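Asker: Chains as they are written, first to last, in UniProt numbering: chain F, 1 to 415; chain C, 1 to 415.
In case anyone wonders, no lab produced these hints; they're calculated from the structure.
All values derive from a computational prediction rather than experimental measurement.
A hint or two may mislead.
The list treats identical chains as interchangeable, and a pair is accepted whether it falls inside one copy or across any two copies.
[Said to hold, decoys possible] In silico EDC-like pairs for lysine to aspartate or glutamate, Cα to Cα no more than 16 Å straight-line:
#	residue 1	residue 2
1	Lys366	Glu407
2	Lys118	Glu363
3	Lys99	Asp226
4	Lys99	Asp70
5	Lys234	Asp172
6	Lys68	Asp42
7	Lys234	Glu100
8	Lys366	Asp69
Number of protein chains: 2
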Amino acid sequence: MGGPDLPVLPEDDSMLSARFGREVANYFSGSPLNRLSFLRTDHDFLRAAFSHPSTAFLLMNSLNPLTKDDSHLAFVSHADVEPLTGADPFAKPEEELIKEFNSDKTQPLILFLGVDDKNLLPSNGTESGAFKFKEYNGSPYFAVDVTPRGTLTEASNSIIDALKAKGLTFQDHSPRRMNLVSPEAAIYGQARALLDWNARNPFCAQCGQRTLSVNAGTKRVCPPTDLSGSSDGKPRDRGPCATRGTISNISFPRTDPTVIMAVASADGKRLLLGRQRRWPAYWFSTLAGFLEPGESIEEAVRREVWEESGVRVGRVVVHSSQPWPFPASLMIGAVAQALPGEGEAIHLGHDPELESAKWFPLEEVKEALLHGTSGMGEGAPEGYKEGALRLPPQQAIANRLMYAVVEGWGLPSKI
Amino acid sequence: MGGPDLPVLPEDDSMLSARFGREVANYFSGSPLNRLSFLRTDHDFLRAAFSHPSTAFLLMNSLNPLTKDDSHLAFVSHADVEPLTGADPFAKPEEELIKEFNSDKTQPLILFLGVDDKNLLPSNGTESGAFKFKEYNGSPYFAVDVTPRGTLTEASNSIIDALKAKGLTFQDHSPRRMNLVSPEAAIYGQARALLDWNARNPFCAQCGQRTLSVNAGTKRVCPPTDLSGSSDGKPRDRGPCATRGTISNISFPRTDPTVIMAVASADGKRLLLGRQRRWPAYWFSTLAGFLEPGESIEEAVRREVWEESGVRVGRVVVHSSQPWPFPASLMIGAVAQALPGEGEAIHLGHDPELESAKWFPLEEVKEALLHGTSGMGEGAPEGYKEGALRLPPQQAIANRLMYAVVEGWGLPSKI
């Protein structure tokens, strides 16, 4: 079926695995990094990690990652990012940075991604020894936003030009082009989601004033004062904001839960697929949609399937999940089964999102999984017969869900 | 074990159910309403629904719902809300409301919740006949925010006073007090989550200007102009904003995916539970935490368990889910199994969130599920022996996950 390798989990002989089958890991998951999320506020740790010779920096320009070839990210060193970040950006503690907040100055955006504590990635370090902080070790990984913006435009452009001179480029790795090897796709996904969230939230949704990125890129606070426009060096009071003094979810990154489901017929012999108008000819996929406030996953699956296709769903079982950083989704993949009889009737008249929805025999889906999958931006694969069903590639959880049903997951009557 | 009934799903003899067991529905799910989400932009529909005699209105004051007794919401009629909403608040189409946007005027917040198309709720209508719009019918449900604020303070207070005179009260139904019968808890959860989201987002996080609620309370747009302060009746241009002209997730309600997991030991005979310092004595629960950008559910479970307890988790299986409107979580409930040997070693030194984490024999957990559960705000239940394990009530998904493991869910060696 082509495409890069998918994440592979270790052998597993647990009772859960024996009963429910092996866990499925999807593209964009399987990160080799330990996030050490509890150290993001520890500037002693961040300073040591940022300046260590083994540390690797992923650069992103307008959300496109620096790459060395079609399937690998390029990681650069401390010296490469210093013109933008300064030598020691975590020198001051967060409280001080908040006190000194000046909304006229563009802050460099630096994400701490984690440490490669299992040595799963090619070493980027020198011979100077591994990084170690307390009981934690492994090469640290950061992402730095080099998108030219505000008072950092010149510094960003100088870095971009220097990298171009080295033959490195920023490449689009959006859903139309998922070529990165899977551990690097997971790192890119984490960085992309967080940089995008920061870019969408320069202002406080609660009070309308500018926010400041803290916790190594994973929190945005609404500082109580601002030095902007001050002539005497004294900060201006910004008035009260409900996000201060309490924990507000809007200070933290947003992830949008999304349900995506392979719906089998009541007899387990057919699969419900739909297509959108703008898709290539003969292309279908599983139905999907955003979960709403106050809904369970199971309810969201039943609502979305009924709204989009008219089909009524009974049992819903979660199969696996996929981070989907375009911009911030968590794809929750389910296998579900339609209610018999009238429950399977297709009606597109509720929500006019789909151009078509149809029941496909499992045999036809199986054939398409073998000979009809490709990236949506690519032509049909070799062996494809014009007019036959086309499906998303295996990097998409939709593909894995269809595969699960075709292989008899949850359906005792295997084809 | 006391407490209100939990949502019950219809009998289910599907293949999925035969293989994986019946679906579990948790408290706050099981809504009796069909959201008809695709009609939220249709003002012909909204006008007809808003003014129909069978329509029921849930009022909320500072996120507390109007109730008629401890376990039931009170629904009021069109005449009761009219002083705040006006008789026909959906008379103008959205485009016109956006053009007329004036940030000096407080807009009433009116949510369309759905229609009771299966007649699951006590009829609130008169004898005047059922509501019908195109192929959809059933009593419509709306929620209206009567929290006194801005230019609506007086109208809100007049409504609140009139209801108090009728003996109705606004009651707190936060996690310390989950008394509502389950279909009404689901309606309250939906309304609470959406009103809270609107209250946290009066400003555009992208450009810092005031937003306007549209789509019957489920979207906030950043209007291009503002009549505020205009003396000649011409609106002021607000400059560009990236949320306009494209679809931005920040215009839509936010839901925070959260993982919560019952972690069994490798031999399936013990369960990992933790406790926070501020909890009542002897009280433990399952571990939980927010999913992060770029993570799968399974990765988030493994990360959170390791960060909080040091335990290393292998296979993760999603069990069920629970909307948790405090303020906006989706609880994704999993059963997981620890890796054997060193994988089970407890170490609290990473993230100091827990006061304690321990392995409990399933027998002890079973005993506590029978005699040690209560709301956290309540005293220990009857039959509880001082010093024994205390656990959350069955309205909490934590309780259902522990129950599942104790009952042998996923673990062939039943106790």
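Asker: Give a verdict on every hint.
Answerer: Verification of the hints:
1. Lys366 - Glu407: Result: close within a single copy only, 9 Å intra versus 37 Å inter.
2. Lys118 - Glu363: neither (42 Å within a copy, 37 Å between copies)
3. Lys99 - Asp226: within (8 Å within a copy, 33 Å between copies)
4. Lys99 - Asp70: Answer is neither; intra-copy 44 Å and inter-copy 47 Å both fail.
5. Lys234 - Asp172: Answer is neither: 44 Å inside a copy and 43 Å across each miss the 16 Å cutoff.
6. Lys68 - Asp42: neither (32 Å within a copy, 50 Å between copies)
7. Lys234 - Glu100: Within one copy, since 10 Å is at most 16 Å while 40 Å is not.
8. Lys366 - Asp69: neither (33 Å within a copy, 56 Å between copies)
The structure fails to meet hints 2, 4, 5, 6 and 8 from the earlier list, while all remaining hints are met.
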